[in-house]
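*Asks:* One line per chain: the protein sequences are H and Z, in this order.
Following our numbering, the numbering of the first sequence begins with -17 at its first residue and continues without gaps.
Following our numbering, the numbering of the second sequence begins with 763 at its first residue and continues without gaps.
It is worth saying that the hints were derived from the structure and are not from the lab.
There may be inaccurate statements among the hints.
Said to hold, decoys possible - With a Cα cut of at most 27 Å, we get these calculated BS3-like pairs of lysine-lysine:
#1 Z/K858 with Z/K797
#2 Z/K923 with Z/K879
#3 Z/K917 with Z/K866
#4 Z/K970 with H/K189
#5 Z/K764 with Z/K879
#6 Z/K868 with Z/K829
#7 Z/K858 with H/K190
#8 H/K189 with H/K58
#9 Z/K769 with H/K189
#10 Z/K858 with Z/K923
#11 Z/K868 with H/K189
#12 H/K132 with H/K190
#13 Z/K868 with Z/K945
#14 H/K132 with Z/K769
#15 Z/K995 with Z/K868
#16 H/K190 with Z/K945
#17 Z/K923 with Z/K866
#18 H/K132 with Z/K829
#19 Z/K797 with H/K190
Every value quoted in this text rests on a predicted model; they were computed, and no experiment measured them.
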Amino acid sequence: MILFDYLLLTTALLLLIVTFTQSRFAKNQIFTSTFLLIIWLLIRTFMTHHAPFSNVFETVVMFATLYLLKICFSDKSVRDSLLLKIPGVLLITITFLFPESLRQPRELPAILDSFWFYIHVPSYFIGYVSLLFAFILSIIQIFNKNNERKTITNELQLSAFFMTIGLLTGSAWANLSWSHFWGWDPKEIWALITWLLTLLTLHCNNKKLRLLCISIAFLSMLFTYFGVSFIFSGLHSYK
Amino acid sequence: MKLTTGKVIFGMSIFSVIALCVYYGAITFISAGNKSDTLRMIYSIEHAALWFVIAFTILIYPFFAEKPVQIIRYYIIHLSFLMMIWSALFALLSAKNYDIIISKDKNTIVSDTIQIKLKDFAIKTITRRKKASHEYSVQILTLPDTIERTIAINKPVRLGKIKLYFKEWSATIQTITYIINGKEYLSGDNGYLQTTIDTDTIIIYPEKILDDGTIQYHYDATSPYTFTTSNEKLDYTVTLTVSITPANTIAMIFSLIFLIVLYWSFWGKPKETNR
Chain H
-17 MILFDYLLLT TALLLLIVTF TQSRFAKNQI FTSTFLLIIW LLIRTFMTHH
33 APFSNVFETV VMFATLYLLK ICFSDKSVRD SLLLKIPGVL LITITFLFPE
83 SLRQPRELPA ILDSFWFYIH VPSYFIGYVS LLFAFILSII QIFNKNNERK
133 TITNELQLSA FFMTIGLLTG SAWANLSWSH FWGWDPKEIW ALITWLLTLL
183 TLHCNNKKLR LLCISIAFLS MLFTYFGVSF IFSGLHSYK
Chain Z
763 MKLTTGKVIF GMSIFSVIAL CVYYGAITFI SAGNKSDTLR MIYSIEHAAL
813 WFVIAFTILI YPFFAEKPVQ IIRYYIIHLS FLMMIWSALF ALLSAKNYDI
863 IISKDKNTIV SDTIQIKLKD FAIKTITRRK KASHEYSVQI LTLPDTIERT
913 IAINKPVRLG KIKLYFKEWS ATIQTITYII NGKEYLSGDN GYLQTTIDTD
963 TIIIYPEKIL DDGTIQYHYD ATSPYTFTTS NEKLDYTVTL TVSITPANTI
1013 AMIFSLIFLI VLYWSFWGKP KETNR
């Protein structure tokens, strides 16, 4: 387990780093890297007998996979951008920082064993990945003067839509598990903040103001994802 | 840049949303997850005022906007958003939750017409790769219809307008038979045993009931003795949350409407909007 874990993630990371070079070998290695991460997720699913997003370690790998998949399916001009690949490298690198206790496959806690688990978590991750994508694109837009406005708007719309699905399915699930659909738990509050800020970004027409809004929404998303779980105790502690 | 009424209203709306986000963020740090502090700040005038400003500026904006706004489209999107928020808030305020404790063979009143009785409580331990997780299931008998129902995690039981959720369990120990050196000793209340074998004084008592329902014992003796137990009699009591949520359906309907409207506004026709 440990061998496959490190081997696949290290290879995926190295191949992704190689794409920063201009060599012939580097061409299209992003696809191989993404493929290896997908294999990692499949093996993890096979070994744990549940979807590979039950703790923060698994979700970071899933986050990286979805992000790289998004790059793979983008236009060639977007795909070749080096800045876009940096979050991918960072995300895979983060996975090596998790302690062994989190890396170990584990049984799905009874509370997570629900139909909603398979909709709520992926919805949020699609939303978060799109927000990250929009954030990087808006930085590229500032420096390159390229007109990526339409792509950024599309990503923000995708993000807002999937975050809404995440928020609503989360409420439905909470209503089933905790007897209330909204409990003002720190994670819920920060998810609400991120959602409101993402909706707000859709109202900014000015390029720089939009980057500012997206940056704030992105920071809020990072805090919701990583910060809340480690700072506050609450109903959503599945570290 | 010329400041117009439309820009001021738009700016106020944006500013209020940011202020609301700051307020929510502050709540999590000030209350640090403390439920009562959080609720006190949520049900406050400041919180209501922020939402009022957002709602008011959203509603009047089209009349002052610099560029022409597609009024129907604008109101469909923004009203569905506000209706979702208001209906969710209404559902939260009208919900009623309270806890009841049930124990075996005792009738407990849930509402004017319904009583329940604990039939059985089971803990299922699932161990895989040295990691264990527990699943709890509560079997109840509802009266007067005398139907047996099972409550589990993520599986509440609905009785008309009432939903019953498993919250927590506890157990008390009555008596335990300890077998020390092949001889049986019956404990006193709560499983406590103090006895003398030869010249040694032995004290054994249950220290803790673990999550899987097994008992962890405290053992104290001048010489080491091995002991086993039999007839560990546990009396379980289960806490259930009774939930009455009359407006949840309304909130759900408005949420779905907002989701559909969001989809329509992003990917439906016409694509260009004057935001």
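*Asks:* Now tell me, hint by hint, if it's right for this structure.
*Replies:* Verification of the hints:
1. Restraint check: the Cα-Cα separation between Z/K858 and Z/K797 comes to about 16 Å, which is no more than 27 Å; the hinted pair holds.
2. About 19 Å separates the Cα atoms of Z/K923 and Z/K879, which keeps this hinted pair within 27 Å; it holds.
3. For the given pair, Z/K917 sits about 21 Å from Z/K866 by alpha-carbon distance, which is consistent with the 27 Å threshold.
4. A C-alpha spacing of about 61 Å is found between Z/K970 and H/K189, which places the hinted pair above 27 Å, so the restraint is violated.
5. This hinted pair does not check out: Z/K764 and Z/K879 have alpha carbons roughly 71 Å apart, beyond 27 Å.
6. At roughly 69 Å between alpha-carbon atoms, Z/K868 and Z/K829 are farther apart than 27 Å, so this suggested pair is violated.
7. Distance check on the hinted pair: Z/K858 and H/K190 sit about 46 Å apart at the alpha-carbon level, beyond 27 Å; violated.
8. Restraint check: the Cα-Cα separation between H/K189 and H/K58 comes to about 23 Å, which is no more than 27 Å; the hinted pair holds.
9. Our distance criterion of 27 Å between C-alpha atoms is met by Z/K769 and H/K189, whose separation comes to about 17 Å.
10. The suggested pairing of Z/K858 with Z/K923 holds, with an alpha-carbon distance near 11 Å, which does not exceed 27 Å.
11. Only pairs whose Cα atoms come within 27 Å are accepted, and Z/K868 paired with H/K189 is rejected, the gap being roughly 67 Å.
12. With a CA separation close to 15 Å, the supplied pair H/K132 and H/K190 stays within the 27 Å bound.
13. Between Z/K868 and Z/K945 the alpha-carbon distance is near 36 Å, which puts this suggested pair outside the 27 Å criterion.
14. Taken as a hint, the H/K132 and Z/K769 pair is honoured in the structure, with Cα atoms around 24 Å apart against an allowance of 27 Å.
15. Between Z/K995 and Z/K868, the direct Cα distance comes to roughly 17 Å. Compliance with the 27 Å bound is thereby established for this hinted pair.
16. Restraint check for H/K190 and Z/K945: the C-alpha separation of about 83 Å exceeds 27 Å, so the hint is violated.
17. A C-alpha spacing of about 25 Å is found between Z/K923 and Z/K866, which places the hinted pair at or below 27 Å, so the restraint holds.
18. With a CA separation close to 20 Å, the supplied pair H/K132 and Z/K829 stays within the 27 Å bound.
19. Proposed proximity of Z/K797 and H/K190 is contradicted: the alpha carbons are some 38 Å apart, above 27 Å.
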